[in-house]
Amino acid sequence: MGSATTRWSMRLVALGYLALLLILPVGLVFWRTFQHGFSPFWHAISSPAATHALWLTVQIALWAVAANTVFGVIVSLLLVRGRFPGRRVLNAVIDLPLAVSPVVVGLSLILVYGRNTTVGSWFGGHGVDIIYAIPGMVLATVFVSLPLVVREVAPVLEEIGDEQEQAAWTLGAGGWQTFWRITLPSIRWALAYGVVLTLARCLGEFGAVAVVSGRVVGKTQTATLFVEERFQDFDQPAAYAMAFVLAAVAIVVLITINLFRPERHR
Amino acid sequence: MAVATAPPGERARTRVRVPASGVGLGIATLYLSTIVFIPLGAIILKSQDAGWSTFWSAVTAPQAWAALQLTIGISLVVTLVNIVMGTLIAWVLVRDEFPGKRVVDTLIDLPFALPTIVAGLVLLALYGAKSPVGIDIAYTRLAVAVALAFVTLPFVVRTVQPVLLELDREMEEAAASLGASRLTTFRRVILPNLYPAIAAGAALSFARAISEFGSTVLISGNLPFKTQVASVQIFGQIESDNIVAAAAISTALLVVSLVVLVGIDVLQRWGVRRG
Amino acid sequence: MAITATNVTKRFGDFVALDDVSVAIDSGSLTALLGPSGGGKSTLLRVIAGLESPDEGVVEIGGIDSTTLPPQQRNVGFVFQHYAAFKHMTVAKNVAFGLSIRKRPKDEITARVRELLELVHLENFADRYPSQLSGGQRQRMALARALAVSPDVLLLDEPFGALDAQVRKELRAWLRRLHDEVHVTTVFVTHDQEEAMEVADEIVVINEGRVEQIGSPGDLYDRPANEFVMSFLGPVTRLRGELVRPHDLEVFTAPEADTVPAIVERVVSLGFEVRLDARVGDEEVWVQLTRGEAEKLDVQAGHTVHLRVAPTQHRVALPV
Numbered sequence: 057m058g059s060a061t062t063r064w065s066m067r068l069v070a071l072g073y074l075a076l077l078l079i080l081p082v083g084l085v086f087w088r089t090f091q092h093g094f095s096p097f098w099h100a101i102s103s104p105a106a107t108h109a110l111w112l113t114v115q116i117a118l119w120a121v122a123a124n125t126v127f128g129v130i131v132s133l134l135l136v137r138g139r140f141p142g143r144r145v146l147n148a149v150i151d152l153p154l155a156v157s158p159v160v161v162g163l164s165l166i167l168v169y170g171r172n173t174t175v176g177s178w179f180g181g182h183g184v185d186i187i188y189a190i191p192g193m194v195l196a197t198v199f200v201s202l203p204l205v206v207r208e209v210a211p212v213l214e215e216i217g218d219e220q221e222q223a224a225w226t227l228g229a230g231g232w233q234t235f236w237r238i239t240l241p242s243i244r245w246a247l248a249y250g251v252v253l254t255l256a257r258c259l260g261e262f263g264a265v266a267v268v269s270g271r272v273v274g275k276t277q278t279a280t281l282f283v284e285e286r287f288q289d290f291d292q293p294a295a296y297a298m299a300f301v302l303a304a305v306a307i308v309v310l311i312t313i314n315l316f317r318p319e320r321h322r
Numbered sequence: 099m100a101v102a103t104a105p106p107g108e109r110a111r112t113r114v115r116v117p118a119s120g121v122g123l124g125i126a127t128l129y130l131s132t133i134v135f136i137p138l139g140a141i142i143l144k145s146q147d148a149g150w151s152t153f154w155s156a157v158t159a160p161q162a163w164a165a166l167q168l169t170i171g172i173s174l175v176v177t178l179v180n181i182v183m184g185t186l187i188a189w190v191l192v193r194d195e196f197p198g199k200r201v202v203d204t205l206i207d208l209p210f211a212l213p214t215i216v217a218g219l220v221l222l223a224l225y226g227a228k229s230p231v232g233i234d235i236a237y238t239r240l241a242v243a244v245a246l247a248f249v250t251l252p253f254v255v256r257t258v259q260p261v262l263l264e265l266d267r268e269m270e271e272a273a274a275s276l277g278a279s280r281l282t283t284f285r286r287v288i289l290p291n292l293y294p295a296i297a298a299g300a301a302l303s304f305a306r307a308i309s310e311f312g313s314t315v316l317i318s319g320n321l322p323f324k325t326q327v328a329s330v331q332i333f334g335q336i337e338s339d340n341i342v343a344a345a346a347i348s349t350a351l352l353v354v355s356l357v358v359l360v361g362i363d364v365l366q367r368w369g370v371r372r373g
Numbered sequence: 002m003a004i005t006a007t008n009v010t011k012r013f014g015d016f017v018a019l020d021d022v023s024v025a026i027d028s029g030s031l032t033a034l035l036g037p038s039g040g041g042k043s044t045l046l047r048v049i050a051g052l053e054s055p056d057e058g059v060v061e062i063g064g065i066d067s068t069t070l071p072p073q074q075r076n077v078g079f080v081f082q083h084y085a086a087f088k089h090m091t092v093a094k095n096v097a098f099g100l101s102i103r104k105r106p107k108d109e110i111t112a113r114v115r116e117l118l119e120l121v122h123l124e125n126f127a128d129r130y131p132s133q134l135s136g137g138q139r140q141r142m143a144l145a146r147a148l149a150v151s152p153d154v155l156l157l158d159e160p161f162g163a164l165d166a167q168v169r170k171e172l173r174a175w176l177r178r179l180h181d182e183v184h185v186t187t188v189f190v191t192h193d194q195e196e197a198m199e200v201a202d203e204i205v206v207i208n209e210g211r212v213e214q215i216g217s218p219g220d221l222y223d224r225p226a227n228e229f230v231m232s233f234l235g236p237v238t239r240l241r242g243e244l245v246r247p248h249d250l251e252v253f254t255a256p257e258a259d260t261v262p263a264i265v266e267r268v269v270s271l272g273f274e275v276r277l278d279a280r281v282g283d284e285e286v287w288v289q290l291t292r293g294e295a296e297k298l299d300v301q302a303g304h305t306v307h308l309r310v311a312p313t314q315h316r317v318a319l320p321v
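Which chain is which? The protein sequence lines are A, B and C, in order. In this text, residue positions in the first sequence follow our numbering: the first is 57, and each later residue adds one. In this text, residue positions in the second sequence follow our numbering: the first is 99, and each later residue adds one. In this text, residue positions in the third sequence follow our numbering: the first is 2, and each later residue adds one.
In short, the hints are calculated from the structure, not lab data. Hints should not be assumed to be uniformly reliable.
Sample of chain C residues facing chain A (criterion: CB under 7 angstroms; computed from the structure) [as the list claims (entries may be wrong)]:
{"no.": "1", "residue": "Leu52"}
{"no.": "2", "residue": "Gly63"}
{"no.": "3", "residue": "Gly64"}
{"no.": "4", "residue": "Gln73"}
{"no.": "5", "residue": "Val77"}
{"no.": "6", "residue": "Phe79"}
{"no.": "7", "residue": "Phe81"}
{"no.": "8", "residue": "Phe87"}
{"no.": "9", "residue": "His89"}
{"no.": "10", "residue": "Phe98"}
{"no.": "11", "residue": "Pro106"}
{"no.": "12", "residue": "Leu271"}
Not everything, but these chain A residues come out facing chain B in the computed CB check (under 10 angstroms) [stated by the list, open to error]:
{"no.": "13", "residue": "Ile101"}
{"no.": "14", "residue": "Ala148"}
{"no.": "15", "residue": "Val161"}
{"no.": "16", "residue": "Leu240"}
{"no.": "17", "residue": "Ile243"}
{"no.": "18", "residue": "Leu247"}
{"no.": "19", "residue": "Val251"}
Just so you know, these numbers come straight off a predicted model, no measurement behind them. Backbone N, C-alpha and C fix where the C-beta goes; we use that ideal spot for every residue, glycine too.
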């Protein structure tokens with residue numbers, strides 16, 4: 057590793073940077089939240105607005121995770137095992153949502169599904185609002201977390217190869233049977249990892265749902281929107297309380313995904 | 099990252115490629131169209147709604163132009179910082195040993211898992227008005243930079259780490275046996291092998307930085323011409339019902355993102371060829 | 002079940018893997034598809050299995066045209082070079098897989114699995130996972146798995162290629178014995194001529210997508226149809242424009258009828274055999290001698306000897 061001084065100075069710079077940027081700020085929030093004890097926290101987090109926000113966030117996240125999991129597995133199979141014109145285009149396009157600003161995502165959905173568009177008004181006529189309502193928020197969350205399952209599952213599918221599937225075919229298994237009994241189990245850890253990443257992304261979405269939801273407190277306000285609104289309203293304890301919950305969930309997610317993660321340290 | 103496409107011939111002989119099930123492809127196309135393609139297409143169309151000159155004047159309007167300049171400028175600076183710090187951190191995580199390394203390695207992913215608005219709040223707590231260490235950078239461009247540095251922290255680290263892990267130690271040993279100092283070995287043997295990974299991470303970092311919204315909202319104060327980033331500018335336009343203007347600035351941002359995406363793909367392919 | 006492949010052609014893009022290949026395999030036989038890597042033998046095997054479909058030609062299994070049948074419906078057992086073990090299932094579940102697909106009753110499956118695990122001597126590993134097995138054990142499991150559904154035909158794609166030399170030898174002999182017991186039409190692919198000669202009743206030599214020769218190991222060794230088969234199946238050397246086996250050359254210290262003089266360049270002792278590198282004019286020739294023969298001759302580098310192809314029943318000479 058080189059001389060001891062180099063090693064120590066590199067270590068110091070790296071860890072120092074991380075401490076100042078990451079560790080201290082997060083640690084401080086944890087402290088601030090419980091600065092005045094547990095009851096202000098509990099009071100803030102159990103308010104109707106807060107509980108509704110949490111519940112709404114979870115609902116939307118579950119829908120988005122379910123949709124992107126199914127889609128993710130299908131696309132991974134198409135990319136790795138399929139043979140069709142435009143496969144490389146599909147490959148490049150999958151990552152598109154990662155490069156688009158969430159606000160732009162929200163705007164794009166308003167333009168297509170808003171109340172005065174063809175699609176939006178058709179749904180509106182049937183009593184279903186997309187924009188400024190939950191369906192739109194689900195769409196937005198699906199958009200921003202689209203690639204996450206694919207990016208985890210596809211490389212694993214590629215690496216495993218399809219000999220196990222071929223063996224299953226020679227043993228008499230049909231397409232669906234092979235998928236359920238051989239393919240799916242072989243990707244289950246990568247899939248779990250992708251699902252957890254997607255879940256984290258969905259819970260944390262802010263910009264896209266900010267645009268698409270109308271941000272009606274107690275109706276279309278998610279946990280992240282709650283944090284912002286409470287803070288702008290000078291209700292710091294409530295903002296910190298919700299921020300704490302979200303950060304705690306993020307840390308749990310972090311630990312979980314790092315347990316699944318293939319060994320990255322040698 | 100996305101799947102590398104295999105060279106023909108060799109793979110063809112050992113893997114069975116099935117013609118894509120029509121159903122699967124149909125579902126995927128429908129899904130992508132309704133959620134990604136059509137909406138993004140709508141933005142580009144809307145931005146042209148009132149003609150090219152309106153588009154251009156919306157993009158170059160003083161506030162919008164300032165926001166775009168600021169966003170791209172700060173994102174570039176932050177990306178440069180990430181290139182240096184990201185590589186350094188990856189190096190320390192791969193080559194060094196110290197108690198708690200595993201924990202630190204896990205923490206690197208925190209910006210991925212943490213909601214952006216919480217990130218903003220978190221930075222505001224330490225570096226804002228009520229800072230316990232007395233540092234107050236709220237409402238400054240530095241604040242924007244710090245926020246962007248936070249959310250883009252993992253990118254370069256995570257692209258460089260696996261490459262460093264796979265790096266053939268024997269190359270370094272050969273260089274040493276030929277008389278190269280550690281610094282020279284780093285510069286001429288190790289670093290060139292890291293360029294594609296660093297570049298890919300930098301591109302991702304830049305793309306993310308210019309798109310960032312939530313983490314800047316609280317700490318920057320969104321002061322027009324001073325600390326307002328492009329996403330916030332677009333948000334403001336939407337709130338004021340200037341949809342065409344919002345679409346125009348969005349399209350400008352999309353174009354920059356597209357250029358970056360294409361760049362990543364080209365770099366990946368270059369990296370694969372170098373083997 | 003007999004297998005026939007008639008005029009089979011298979012292309013991968015521009016690459017022609019199989020070029021108008023026709024092969025007939027007798028029911029109950031043990032046949033080797035032998036040839037160099039990339040020659041097309043694995044492709045042919047996979048076409049028979051239904052894992053690849055030919056661009057032209059017909060495949061018949063047990064008299065039935067199976068060319069367009071998917072592998073599920075061909076009732077072929079297939080064993081892969083890298084085992085293709087179902088990693089997330091125990092050994093027992095692996096072996097039971099084909100039977101559970103066919104919805105056999107649970108007792109029947111358990112009994113059959115036990116029967117097969119005993120056949121391959123893995124009865125104590127039933128509840129282990131493939132990752133806990135050695136390479137040789139995994140391949141035996143793969144064989145048991147393929148045999149569990151009583152296939153009409155057993156196909157093995159370089160089954161011992163990924164194993165150590167010692168394990169390979171053991172499993173080779175074991176496969177031969179298994180075939181003698183079970184009598185399923187078996188076809189295996191190998192690039193190792195020693196393996197083919199030792200195990201198979203019949204060998205099909207395939208090179209560059211074409212069949213070079215079909216015959217018993219003895220036929221192929223003693224009466225090769227062309228230069229390729231001769232070189233591939235055993236050692237060769239050239240003398241006077243003919244391709245000859247080095248152990249079929251007679252060495253004399255004085256000229257005899259039909260001999261040609263050669264200058265000895267090197268004498269190498271390889272344990273039980275001795276190798277003589279010699280030069281005839283411009284040509285390099287090498288001769289394989291037993292230790293006894295070499296001692297009797299007592300030649301060294303620089304000596305002149307006289308060579309001819311032995312005029313015995315087993316000499317083989319080919320114009321080249």
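Do the hints match the structure? See the list:
no.	hint	verdict
1	Leu52	holds (6 angstroms)
2	Gly63	violated (16 angstroms)
3	Gly64	violated (20 angstroms)
4	Gln73	holds (5 angstroms)
5	Val77	holds (6 angstroms)
6	Phe79	holds (4 angstroms)
7	Phe81	holds (5 angstroms)
8	Phe87	holds (6 angstroms)
9	His89	holds (4 angstroms)
10	Phe98	holds (5 angstroms)
11	Pro106	violated (16 angstroms)
12	Leu271	violated (40 angstroms)
13	Ile101	violated (14 angstroms)
14	Ala148	holds (6 angstroms)
15	Val161	holds (8 angstroms)
16	Leu240	violated (15 angstroms)
17	Ile243	violated (13 angstroms)
18	Leu247	violated (16 angstroms)
19	Val251	violated (14 angstroms)
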